[in-house]
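Enquirer: The chain contents come next:
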Amino acid sequence: MRTILKFIIKQHNLLFFLLIAIFCFVLTIRNNDYQKAVSVKFMDELTGNVHNSYYSFIQYINTINENKKLANENALLRKMLLNKKDSLQTIIQTTNNFDLIVANVIYASVFKANNYLIINKGSNDSLKPDMAVICPEGVVGIIKSTSPHFSTVIPLINTNAHISARIKTNKYFGTTTWDGTNSSIVNLSDIPYHVKLHMGDTVITSGFSAIFPEGITIGTISHFDYSEGSDFYNIEVKISTQFSKLDYVYVVKNKLQNELKEIQKTINNVQ
Amino acid sequence: MSNNIFSHIIRFFVLILLQVYVLNNILFFNIINPYVYIYFILLLPFELPPVLITFLSFLIGISVDFFAGTIAINAFASTIAGYMRPFILKLFSPHDGYEKNSAPTIAFYNINWWIKYAMFITLIHHSVLFFTETFHFHAVLYTIAKIIVSSALSLILMILMQYFFHKSSKKL
Chain A
277 MRTILKFIIK QHNLLFFLLI AIFCFVLTIR NNDYQKAVSV KFMDELTGNV HNSYYSFIQY
337 INTINENKKL ANENALLRKM LLNKKDSLQT IIQTTNNFDL IVANVIYASV FKANNYLIIN
397 KGSNDSLKPD MAVICPEGVV GIIKSTSPHF STVIPLINTN AHISARIKTN KYFGTTTWDG
457 TNSSIVNLSD IPYHVKLHMG DTVITSGFSA IFPEGITIGT ISHFDYSEGS DFYNIEVKIS
517 TQFSKLDYVY VVKNKLQNEL KEIQKTINNV Q
Chain B
220 MSNNIFSHII RFFVLILLQV YVLNNILFFN IINPYVYIYF ILLLPFELPP VLITFLSFLI
280 GISVDFFAGT IAINAFASTI AGYMRPFILK LFSPHDGYEK NSAPTIAFYN INWWIKYAMF
340 ITLIHHSVLF FTETFHFHAV LYTIAKIIVS SALSLILMIL MQYFFHKSSK KL
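Chains A and B, in that order, give the protein sequences. Start counting the first sequence at 277; every next residue gets the next number (our numbering). Start counting the second sequence at 220; every next residue gets the next number (our numbering).
In short, the hints are calculated from the structure, not lab data. For clarity, every value in this text was computed on a predicted model and none was experimentally measured. Do not take every clue at face value.
Straight line, CA to CA, 27 angstroms or less: simulated DSS-like cross-link-like pairs of lysine-lysine [stated by the list, open to error]:
{"no.": "1", "chain 1": "B", "residue 1": "K335", "chain 2": "B", "residue 2": "K319"}
{"no.": "2", "chain 1": "A", "residue 1": "K514", "chain 2": "A", "residue 2": "K447"}
{"no.": "3", "chain 1": "A", "residue 1": "K531", "chain 2": "A", "residue 2": "K404"}
{"no.": "4", "chain 1": "A", "residue 1": "K404", "chain 2": "A", "residue 2": "K521"}
{"no.": "5", "chain 1": "B", "residue 1": "K335", "chain 2": "A", "residue 2": "K282"}
{"no.": "6", "chain 1": "A", "residue 1": "K521", "chain 2": "B", "residue 2": "K335"}
{"no.": "7", "chain 1": "A", "residue 1": "K344", "chain 2": "B", "residue 2": "K309"}
{"no.": "8", "chain 1": "A", "residue 1": "K397", "chain 2": "A", "residue 2": "K317"}
{"no.": "9", "chain 1": "A", "residue 1": "K447", "chain 2": "A", "residue 2": "K521"}
Selected chain A positions facing chain B (Cβ under 7 angstroms, derived; list incomplete) [stated by the list, open to error]:
{"no.": "10", "residue": "I285"}
{"no.": "11", "residue": "Q287"}
{"no.": "12", "residue": "H288"}
{"no.": "13", "residue": "Q311"}
{"no.": "14", "residue": "V314"}
{"no.": "15", "residue": "N328"}
{"no.": "16", "residue": "S465"}
Ideal Cβ positions, reconstructed from N, Cα and C, are used throughout, including at glycine.
Please take these sequences and the hints and turn them into a complete structure.
Expert: Dropping the structure here:
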């Protein structure tokens, strides 16, 4: 204790200087947009690399399990190809407007209010913000930002994620939101009360947002009711994607996204 | 002595105004941007404890930042320059040390000494400042060129100030 005190008294100038210099540096990064952007990008890249090495270590350990899983997935895909019934497959094949890029999830948070994922493809693989991310089971989320080798993804289970969805059987559409509690349930709003609903109905993406292709599975209806005086249902949808087990995902590149965005812009301008 | 402190305070404010309203608006040849407010740090008395010099350097830097809207870039650079001042003074110390009741000016010591002393602190300050401003090492040569020419102009301006305000009398 005494030696620490002695050290502090002896080096008070150095300590005071370091304190102020660090304070100034932090202020600089916080207050200047350019410096902030550069350091955020740097930190993204740095944390991305740490996550990546951790991931490759885990991947090395899990090789056998992964192989099994991949074999299973391969088999499933072959079956789909034969049947051509799967929505994802048919969309990719019939319209040629979408490209798929395979990526690995190297970091995922599931239990926070603002969950996010990091995947190991970035702007070098021509990924951009606002691209859709899906997996064999269904919707994963939307890319928020990219660095050269990594991208952050806002998943369905983030309170800021709003995804345009529709019910497969009767085509009525609404918006999915997440209330931040249960990581396997999202809420579907804006479905009018007069629509007939059944438990287990499939909810798919509507394709209105120009981000997701139409017809990607979001989940199935697990509960619905309506409050007195409201015109809309409160619908709970059980998500088909298991976020805590995510590994391989596909990033969807919509070749017509710019065109669709532009036409939506002209509509806004007219209004 | 009280007169002495008073002149330091006046210099503090005049240099901030000069920096913010005149020099920050001039960018000669797109590359030269002099920063002369460190003149205040250069002229602080020898007797001040180092920790106070660090603090006063921070104070003038952050004041310039507040006016220029560049919070903490200048403060960062001038804090480092102020911290380095005692070491540089030691480096260029005359054989028998600095005289009592003297000040770090051309009037007390010769112009060679003053240029060496001022040049080191100016270079430290400008290097930190411009590298913090560009914040990357992609265009290093450009940044270094900017540091050298800006330091040269700052130094010339500060020598002129020495001759205008401090040469004739041995007062501060």
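Enquirer: Indicate, hint by hint, whether the structure satisfies it.
Expert: Each hint tested on the structure:
The hinted pair formed by B:K335 and B:K319 meets the criterion: a straight-line CA distance of about 21 angstroms does not exceed 27 angstroms. Among the hinted pairs, A:K514 with A:K447 is consistent with the structure: their alpha-carbon atoms are about 18 angstroms apart, no more than 27 angstroms. Of the supplied pair hints, the one linking A:K531 and A:K404 holds, its CA atoms being roughly 12 angstroms apart against a limit of 27 angstroms. Between the alpha carbons of A:K404 and A:K521 the distance comes to roughly 24 angstroms, so the proposed pair stays at or under 27 angstroms and holds.
Distance check on the hinted pair: B:K335 and A:K282 sit about 35 angstroms apart at the alpha-carbon level, beyond 27 angstroms; violated. Under the criterion of a C-alpha separation no larger than 27 angstroms, the hint pairing A:K521 with B:K335 is inconsistent with the structure, at around 65 angstroms. Of the supplied pair hints, the one linking A:K344 and B:K309 is violated, its CA atoms being roughly 70 angstroms apart against a limit of 27 angstroms. Taking the CA atoms of A:K397 and A:K317, the gap is near 15 angstroms; set against the 27 angstroms cutoff, the hint holds.
The hinted pair formed by A:K447 and A:K521 fails the criterion: a straight-line CA distance of about 30 angstroms is larger than 27 angstroms. Here the hint on A:I285 is broken, as its CB sits about 11 angstroms from the closest CB of chain B, past 7 angstroms. Against a cut-off of 7 angstroms between C-beta atoms, the interface hint on A:Q287 is violated, since the closest Cβ of chain B lies about 10 angstroms away. The beta carbon of A:H288 is positioned within 7 angstroms of a beta carbon in chain B (closest approach about 6 angstroms), and the interface hint is therefore held.
Look at A:Q311: its Cβ gets to within about 5 angstroms of chain B, closer than 7 angstroms, so that hint holds up. The criterion of a C-beta within 7 angstroms of any C-beta in chain B is met by A:V314, whose closest approach is roughly 5 angstroms, and the hint holds. Nearest Cβ of chain B to the Cβ of A:N328: about 23 angstroms, over the 7 angstroms cut. The hint is violated. The criterion of a C-beta within 7 angstroms of any C-beta in chain B is not met by A:S465, whose closest approach is roughly 42 angstroms, and the hint is violated.
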